[in-house]
Amino acid sequence: MIGLALAVALQVGSKQFTESVILAEIAVQALRSAGVEADHRRELGGTRVLWEALRARQIDLYPEYTGTIVEELLGGERDFAGALDRLGMRAGGGLGFEDTYAIGMRRLEADRLGIRSLSDLARHRQLEIGLTNEFVRRRDGWPRLRQVYGFSDAHVRGMQHELAYRALRSGGIAATDLYSTDAEIQASDLVVLEDDRRAFPRYDAVLLRRSDLPDAAARVLARLEGAISAREMIAMNARALIERVPEAQVASDFLRTKLGIASSGASRDALRRIVGRTVEHLFLVAVSLAAAIALAIPLGVFAWRHARMGQAILALAGVIQTIPSLALLVFMIPLLGIGAGPAIVALFLYSLLPILRGTHAGLAGIAPELRESAEALGLPRSEVLRRIELPLAAPSILSGIKTAAVIDVGTATLGALIGAGGYGQSILTGIRLADTGLILEGAIPAGVMALAVQGAFDLIERALVPRGLRNGR
Amino acid sequence: MSPCGAGGEVPAGRGSPGRPAQATFGAVTAVFEMAGVVKSYGRAVVVGPIDFSVPPGTTTALIGPSGAGKSTLLRMLNGLIWPDSGTVRFRGRPLDAGELQEIRRQIGYVVQGGALFPHLDVRENVSLVARWLHWHPTKIAARIEELTAIARLPRDALRRLPRQLSGGQAQRVSLMRALMLDPEVLLLDEPLGALDPMTRFDLQEDLRDAFARLKKTVVMVTHDLAEAAFLAARAVLLRDGRIAQEGPVEELARAPADEFVARFVRAHRRSP
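Sequence order for the protein chains is A and B.
Quick note, the first sequence lines up with residues 979 to 1451 if you use this note's numbering.
Quick note, the second sequence lines up with residues 9 to 280 if you use this note's numbering.
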């Protein structure tokens, strides 16, 4: 059993913020230096994704906070150690620091308005507050603050964490939720408002893990307990975020100086990174698109031949199209885990509709006298389909495929949220680090790929669409 | 054919003196027969009840004003439209959905404008079914050669796409496509309807020559009495889905069955 577990590398997840990435990197490097194989599944799309991935045993551990476990994941269960135990998980002892939710403002503005505590802020109802989407939804987040301090929703906007910091610096918003170990607090001269009515629970950082980890791994993780102080964490966050030192390097330096563990934090150079991401991205698009073509064309033919069922099929595909992509990805984690698999399934589902519609519209657009003449020839239906109907519908089918492909290239960037890699990984990391260069490193190749795919399909169109159907002579 | 089978057929066909006279295996009296055929769309009866038969080797023109049910009647002969009640027989046997494809290969079909497949060139349009039947390429080439002469299509048109043909040429190609498998029967729905008068005149001549030479059974729809008189030995005049009168066109003119027939004939006399 243990031998089997050791044969596969431990999967360490992290959330989409720097502290989580550093902590996961520390765990991975510590494990590797002790001879335990470990992979870092970086920057997965939020608490829910990681929790589901852990439950589905797609990952083995990830950095989490006790408050989040109690409030968000276990629905307020006080005996969280017992509840986790029943789920086959444990949190272990804390890493040594607390990273609680807090509300921060620019020092200048707070001083000017005389705001020191959350009670003060609640009295200034006209101030714009930008909150991370997760914070807005969490029971221990905004709902708790509204209940305890009587905040109103009128001036609240949901936004991404790093973008909220940017908005705060530029004065677009007056306050935002933040973490008490954020590097930005010192760097941007923010004040953390006092939680004078004790609305937030404790958020001790832990490594949430399966309870049946191999002994060697458990021993390594035990060494990390209590090893990191709040000051050290803030300093590491600042190095990564403000000095732009790669997280792997930050983690490696910490392990060497604090614990005397030698490890390697080498990171890939930009070119190799882009090539790697391109391969990942192309893989997601190619597999999902091929599968969508293989299903949607026959389904479109079926939908055309059976009008009533056809309407139902088209409607269903339309509904799938409206499911938010992240929601679809999270639904799939219990079924397919994380990584390329669920991303491909989601992209496949999104690609169905354009191809289905193109096929259906192409067949429906065939002139009735042509269809009748084809029938009157006495060819079997399959031959009429193959030799007459599909060639006549080809321009419409191909334009559906082209639309699907371009959407696919764009949507595949979201695959990074569940660890499928691709250009989205650069974009996510870039947003997290407020690194425009890194964002462009993902966005530009994605745009180029979309254009290239479009161009490739133009060529295919030239080859496949019969010359009698093309414009001009 | 086994000698035994042939031997068995002949006495049965000739019949013993005691049997009533009837259509036998050897000599079917009609290519098409319709009995009590009715077709309606919703509450509107488009055709019928109609009894109608087409003797082999004849040319029949279905004539009548728009909406009289001519095209619907024609399409029921090759099963493109299925009657609500009544039977349609082809060579003595009721049309059967299971055999329809085979039956249709024995019935050439030409519609107004030609309905050529735009993605295939002339040769491909004409040889589509023959290729599916795995005819040898030399046989296909020879047959196309023959048809080019019959339909009087310029030879350089064979490589063209439908959109590169004139209206008259498209109609000639459509006729070639219908004749490719050398079917016994030709159905034509307003074959010359969309053509200018001179092209139409030429094609009428060529069609009449082709019908006379090939000795096919032909059923065609036209709204033009003169065209019917020129091409067909027999006319069937339809009114509101029923037969008003049938017989040679001269007979319709000489002895109209009722006032409607008389008016239909007069209307055509006045037109140029």
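Keep in mind the hints are simulated off the structure, nothing from the lab.
Computed from a prediction, not measured in an experiment: that's the story for all the values here.
We put the CB at the ideal spot given by N, CA and C, even for glycine.
Please note that the accuracy of each hint is not assured.
Taking beta-carbon pairs under 10 Å as the criterion, some of the chain A residues facing chain B (in silico) [said to hold, decoys possible]:
1. Ala1059
2. Asp1063
3. Ala1352
4. Gly1356
- Message: Checking hints one by one. Is Ala1059/A an interface residue toward chain B, by the C-beta closer than 10 Å rule?
- Response: violated, 71 Å
- Per the CB criterion, is Gly1356/A less than 10 Å away from chain B? holds, 3 Å
- Does the interface hint hold: is Asp1063/A within less than 10 Å of chain B, judged Cβ to Cβ? violated, 68 Å
- Query: Hint check: is the beta carbon of Ala1352/A less than 10 Å from a beta carbon of chain B?
  - Reply: holds, 7 Å
Violation of the numbered hints given earlier is confined to hints 1 and 2; the remaining hints are satisfied by the structure.
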